[in-house]
Amino acid sequence: MADARFFHRAGPFLLSDIAALIGAEPLPPETEAIAFADIATLETAGPDDISVFSDARYMGALATTRAGAIIVSRKLAHHVPEGSRLVYVADPRRAYAQVGRLFYPAAVPTPGIHPSAHVHASACIGPGTQIDPGAVIGRDVDIGERCYIGPNVVIGDGVLIGNDCRIGANCTISHTLLGHRVEIETCVTIGSQGFGFVPGPAGLERMLQLGRVIIEEGVKIGANCAIDRGATDDTIIGAGSVLDNLVHIGHNVRLGRHCVICAQVGIAGSTTVGDGVMMGGQTGVADHLTIGSGAQIAAKSGVMRDVAAKTVVGGFPAMPIKDWHRQTIGIARLSKKVE
Amino acid sequence: MADARFFHRAGPFLLSDIAALIGAEPLPPETEAIAFADIATLETAGPDDISVFSDARYMGALATTRAGAIIVSRKLAHHVPEGSRLVYVADPRRAYAQVGRLFYPAAVPTPGIHPSAHVHASACIGPGTQIDPGAVIGRDVDIGERCYIGPNVVIGDGVLIGNDCRIGANCTISHTLLGHRVEIETCVTIGSQGFGFVPGPAGLERMLQLGRVIIEEGVKIGANCAIDRGATDDTIIGAGSVLDNLVHIGHNVRLGRHCVICAQVGIAGSTTVGDGVMMGGQTGVADHLTIGSGAQIAAKSGVMRDVAAKTVVGGFPAMPIKDWHRQTIGIARLSKKVE
Amino acid sequence: MADARFFHRAGPFLLSDIAALIGAEPLPPETEAIAFADIATLETAGPDDISVFSDARYMGALATTRAGAIIVSRKLAHHVPEGSRLVYVADPRRAYAQVGRLFYPAAVPTPGIHPSAHVHASACIGPGTQIDPGAVIGRDVDIGERCYIGPNVVIGDGVLIGNDCRIGANCTISHTLLGHRVEIETCVTIGSQGFGFVPGPAGLERMLQLGRVIIEEGVKIGANCAIDRGATDDTIIGAGSVLDNLVHIGHNVRLGRHCVICAQVGIAGSTTVGDGVMMGGQTGVADHLTIGSGAQIAAKSGVMRDVAAKTVVGGFPAMPIKDWHRQTIGIARLSKKVE
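Residue numbers (the working numbering), protein chains in the order written: chain A, 1 to 339; chain B, 1 to 339; chain C, 1 to 339.
Take these hints with a grain of salt, some might be off.
It does not matter which identical chain is meant; a pair holds if it fits inside one copy or across any two.
Here are the simulated lysine to any residue pairs, SDA-like style, with alpha carbons at most 20 Å apart [stated by the list, open to error]:
#, residue 1, residue 2
1, Lys336, His325
2, Lys75, Val198
3, Lys75, Ala10
4, Lys322, Pro115
5, Lys75, Ile321
No wet-lab data here; the hints were simulated from the structure.
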């Protein structure tokens, strides 16, 4: 079970209620009234815990599990030892995530503004919103309902924040419009000046950065990311996209919807990324490119040209992934021949 | 036009005044008294806006622009449709940046120390300087005139800051001397302990990090960067250099003047970089190297040897850029032959 | 000497005391009572300073040094000009680090909680601990003795911190157990939600992140790092390991003891790293891998497969370092032939 120092568990819950939540197949009636106290992995589960089997790699743990019930798909069910209590669903991983949120519901904000927070008189704070110690909320800021603003967060003048957003401690947000249900981890910068300079007689002169950042609804942003505001157009993070830690997004980047951007990725200025794009960790994408919807970019790639929709690329410079694998093998062979 | 939530526009301004500011060629006298209300891109400009045409790539927008006047060079002027009102300068991009600062002047600090800031009694704060809520200013700190110190910034004991500096929210600066007109975005660390250890009987023991960071005048540092202080010598960022987001600078690095360091670059300890060096995003430079003045390093390079002045390198390991391009092509051909 | 603005020097100290501290060979009796005022490099040392010669690369400085005494090994002593006062030890670099800590002892916390810090009534703060302005200490937090908690640090509910820890300004720590003598630089995130999602009908749904971060004793973490908490298991940083700046550690990563992780490294989720592993800067390690104890990974490597204990790998994809060097040379030759 999760450490009670950090996680507050609800329940217990009846198996019938759990099954209804996740749209499971009908249960044997005699099991419906069994109560479960927690979720747990196959290795650690006991008779009061509900667990999941979603991948044949975990067959070893399955053989010896003491779980009181196992969420499983019809496809994988034949692996399960006889006598186990099974809950059938189409997508066990997703069902397990849902059950997890039942036992460990997201923290609800405690409405109110801490007396040590600095909220400008012109700011508008929605009902149900919690503002923690040391937060600084600027002029004309508008924060929606049921938001959580962590300690020492700094929200610049004019920023608009939707409902049900969570902004972690020590973040700085300026020149930004946030949609509903946006979640931002800690130490994140959003709205900083982009990196645009023009040579002058006394050195580099900064180009004005007069755009904004638009974070659409449901976006999740990892810790210590930096997202620059636009120079002329806006920087946009499309609805439902998720960013891991330490990601850099340059000015005027337009990231589509439901993208998955892994840790330490950098996307340079004015690049447009379609919907549903996946980028592996430490990938770099050059400026002014177009990455088509559904493209997948392998970890640590260096993307120097446009990527067509639904293609898979990898390597540095990035190329179709099959070419990269072939090159990797080819180089190994060739360099042996040379000796 | 820029979003009035975030940007405060000055003006309108007479075309004669704009032309004088940017050193334009003499205007037709009948146009001098025309007033302009804003700057705008060719696509979005209306009759009251002044725009710019600086690159033949934007010819499409030029054909249909409604801009009231266009800043342009003699060289590109023949692309402009007849009947447009033109303002001739030698460097349109730079002129446009200057006009931008006329319409959107940098915010002037509101002098004063917020009552919730913690300023040590021994600190010296210059006239015109603004210190925001929650900032913590240590013992014997000396801050110049007209500086802006953002919310929750932490300035360690003894730090010296010049005039007209801007330090964004949630930055931490220690063991550092800052020149005039230094601009630092948010969540930046400057002056942290360098990464030097020596094996001992109980594990790694830290080498003392007794140097400082010296940031010369006019330097601009992006969000979430980390710059270590020197171990014995100082870490130095030369005058006028600009760093993008999430850059790492190791201890004892000496970066020259007017360098351009793109996002997520890392420069390891004790490397010396000359003046006017450009490094593309995600480049890594190993420790104890010398990078000559005017060198250019392509994005995502891995620099493992010294780089001569004025050379252009790329790849991993970094090599002359022509060699890298040749290798990239050669590998593609060879790996096809092998099959 | 170190800048007195930032570093407070102790001493002077007798050579006999210095020699005893570092386990030096017996000195000529007539030198034992000589007092030294400071440490310094060979280049900058004067007669009152003690210096070190630990590497033949510095022979130039050795020839002209004015240092009052030089710490040196028997092996390198023949390089030293006659007439120099020598202090013989087996490991001069380590001895010099020890002498450095004698002259520049680590700052001792000034016990007490600043009135502007927000410490929850249920938190337990050990004797000798200093809590700086604006720090926010959550419910049921337990902080040991003689700790330093910097300005605007945010410690989430339930976090446990051992004795003699140092947490730099603007850090955010949640869901974490810290051992004794842990040192964390500034703007660091520890305990953020890991990057795990499962597709649902309305887009990506977050997998619950119910694990913790366990930082064992003596760990040192650089500036602006981000360490995610576990999803089901814990994320673990083993005793004595050191992390440089801007490092990303994914959920469920288990890093062994006495590892050296250079700047901008990223280790993806659920990877297990043995003891004494070294990773060069900007290295990326894919998820669910096993890196054996004593392995060394060259800078900027992309590790896509398990690495056996005590092996040295490099390149992208990472391979045995000799293969990578051979490939690098082979490619250069082959691509010339192709032309």
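Outcome of the hint check:
1. Lys336 / His325: Intra 17 Å, inter 12 Å, cutoff 20 Å: intra and inter.
2. Lys75 / Val198: So lysine 75 and valine 198 pass the 20 Å test across copies only (18 Å; inside, 60 Å).
3. Lys75 / Ala10: neither (31 Å within a copy, 67 Å between copies)
4. Lys322 / Pro115: neither (59 Å within a copy, 62 Å between copies)
5. Lys75 / Ile321: neither (30 Å within a copy, 43 Å between copies)
In summary, the numbered hints that this structure violates are 3, 4 and 5.
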